[in-house]
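Its first residue numbered 0, the sequence shown is counted upward by one per residue in numbering that gives the first Met the number 0.
The hints are simulated quantities; they were obtained by calculation from the structure and are not laboratory data.
Be aware that one or more of the hints could be misleading.
Said to hold, decoys possible - If you anchor each label on the Cβ, the simulated ranges turn out as follows: (1) 33 x 188: 39 to 49 angstroms; (2) 139 x 78: 22 to 32 angstroms; (3) 81 x 200: 41 to 51 angstroms; (4) 67 x 122: 18 to 28 angstroms.
As the list claims (entries may be wrong) - Here are the simulated lysine-lysine pairs, BS3-like style, with alpha carbons at most 27 angstroms apart: (5) 142 x 182; (6) 49 x 31; (7) 19 x 39; (8) 123 x 164; (9) 150 x 164; (10) 193 x 147; (11) 40 x 19; (12) 40 x 71; (13) 197 x 182; (14) 182 x 71; (15) 182 x 150; (16) 128 x 171.
All figures in this text were calculated on a predicted structure; none of them were measured in a lab.
The C-beta atom is built at its ideal place from N, Cα and C for all residues, glycine as well.
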Amino acid sequence: MDSQLQIILEKMEEMKLDLKKQTQELAENLNKSLLQTIEKKLSPLVEDNKKLKQDLQASHARIQNLEREMRKDNIILHGMAENEHSTSELWKNVLEVLNETSLRSDGMREWDQWEISNMRRLGKKMNDKKRPILITLALNWRKYELLKNNKNFPTNIHATEDYPKEIIQIRKELRQRKEQEEKNGKIAFIRYNKLIVKEKAPLETKRKRSPTESPSATDNQKNSKPEALKKSTIHNTNTIPTGKQKEPTDNNTLFENNYLPNPAGPRGELDQNPPTLNQQQQQHNKENITQTLPKQNVITKIPTSRYTRIYIATLNVLTLRSDESLSELSIDKSQ
């Protein structure tokens with residue numbers, strides 16, 4: 000009997016274990032199925048929520064851009080006494096302040112009434128408080144001109160840009176970070192609602208040239224004329240050197256000025272009439288052949304034998320191909 004009871008008890012325990020496993024499997028299956036059904040139902044909602052968030056961010060960015068665009072021509076004037084009784088008096092007082100500022104600033108012209116689109120006081124009227132004035136300008140560059148010359152306003156009056164409340168709060172927080180970055184030796188500035196930090200460029204050591212003494216004016220005057228004469232005699236191959244440099248005027252006075260025409264023609268053509276000097280002109284050249292070259296205020300005469308026979312020919316290779324051209328060249332050399 001005891002053995003049979005023992006067998007029955009063991010079977011009962013096995014059945015309990017099987018039931019537990021079955022219940023666990025059923026629970027897991029139910030959970031999985033429930034999760035799958037919930038995910039299927041929630042997945043479109045999640046996607047819609049993401050799209051709504053993206054649209055909300057895009058619309059918020061558009062609103063900020065529109066607000067920034069709407070306020071870009073605005074400027075707020077602080078510190079003006081509120082003693083006007085009408086809008087026309089307010090316009091008159093503001094124009095007087097702006098013109099006074101323009102007189103104190105360099106390069107800033109006077110203000111006209113048409114340069115302002117609108118102006119009004121901000122906030123509720125209070126006896127002990129000077130309300131700021133919101134001014135809408137017709138020209139955007141005039142706004143930055145005013146902000147640049149903010150120090151030239153009358154006493155206790157200054158101008159600021161028109162920012163939304165959110166941007167003003169962000170700029171206050173960024174101002175503290177800007178001061179910390181500047182203490183660390185960096186370049187920091189606030190641009191609208193962002194802090195821009197840059198590293199300072201290393202200072203470059205500039206190499207200085209050792210000072211040299213400039214030549215005196217008298218030396219320049221002494222050396223200027225000989226250099227000009229040397230350049231003119233070296234580079235001009237069609238001139239016979241003389242004491243003075245002369246420029247040709249026309250073809251009739253070429254021989255009088257001791258200039259020979261350039262015999263070179265187009266490539267491949269022969270010069271049938273080479274230039275020759277008559278006996279009278281040759282005698283005239285021999286008499287004036289000596290040249291005085293100034294060098295350090297010393298005049299030296301060059302002997303005439305050095306320049307008695309100078310012939311200049313500008314013939315290219317193509318013109319010397321035929322025997323006729325070679326014979327012409329030999330005739331010219333013999334003259």
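Comparing the hints with the structure gives:
At roughly 57 angstroms, the beta carbons of residue 33 and residue 188 sit outside the given window of 39 to 49 angstroms. About 23 angstroms separates the C-beta atoms of residue 139 and residue 78, a value consistent with the hinted range of 22 to 32 angstroms. For the pair residue 81 and residue 200, the beta carbons lie near 48 angstroms from each other, so the given range of 41 to 51 angstroms is met. A beta carbon spacing of about 22 angstroms between residue 67 and residue 122 agrees with the range 18 to 28 angstroms that was offered as a hint.
Between the alpha carbons of residue 142 and residue 182 the distance comes to roughly 31 angstroms, so the proposed pair goes past 27 angstroms and is violated. A hinted pair counts as satisfied when its Cα atoms are at most 27 angstroms apart, and residue 49 with residue 31 qualifies at roughly 25 angstroms. Between residue 19 and residue 39 the CA atoms are separated by roughly 30 angstroms; this puts the pair beyond 27 angstroms, and the hint is violated. Distance restraint check for residue 123 and residue 164: the Cα-Cα separation of roughly 17 angstroms lies within the 27 angstroms cut-off, and the hinted pair is therefore satisfied.
The hinted pair formed by residue 150 and residue 164 meets the criterion: a straight-line CA distance of about 25 angstroms does not exceed 27 angstroms. This hinted pair checks out: residue 193 and residue 147 have alpha carbons roughly 21 angstroms apart, not beyond 27 angstroms. A hinted pair counts as satisfied when its Cα atoms are at most 27 angstroms apart, and residue 40 with residue 19 does not qualify at roughly 31 angstroms. Restraint check: the Cα-Cα separation between residue 40 and residue 71 comes to about 47 angstroms, which exceeds 27 angstroms; the hinted pair is violated.
Restraint check for residue 197 and residue 182: satisfied, since their Cα atoms lie roughly 13 angstroms apart, inside the 27 angstroms limit. Between residue 182 and residue 71 the CA atoms are separated by roughly 32 angstroms; this puts the pair beyond 27 angstroms, and the hint is violated. Annotation: proposed proximity of residue 182 to residue 150 holds, straight-line Cα distance about 25 angstroms (limit 27 angstroms). Under the criterion of a C-alpha separation no larger than 27 angstroms, the hint pairing residue 128 with residue 171 is consistent with the structure, at around 23 angstroms.
Checked against the numbered hints given earlier, this structure breaks hints 1, 5, 7, 11, 12 and 14; the rest are met.
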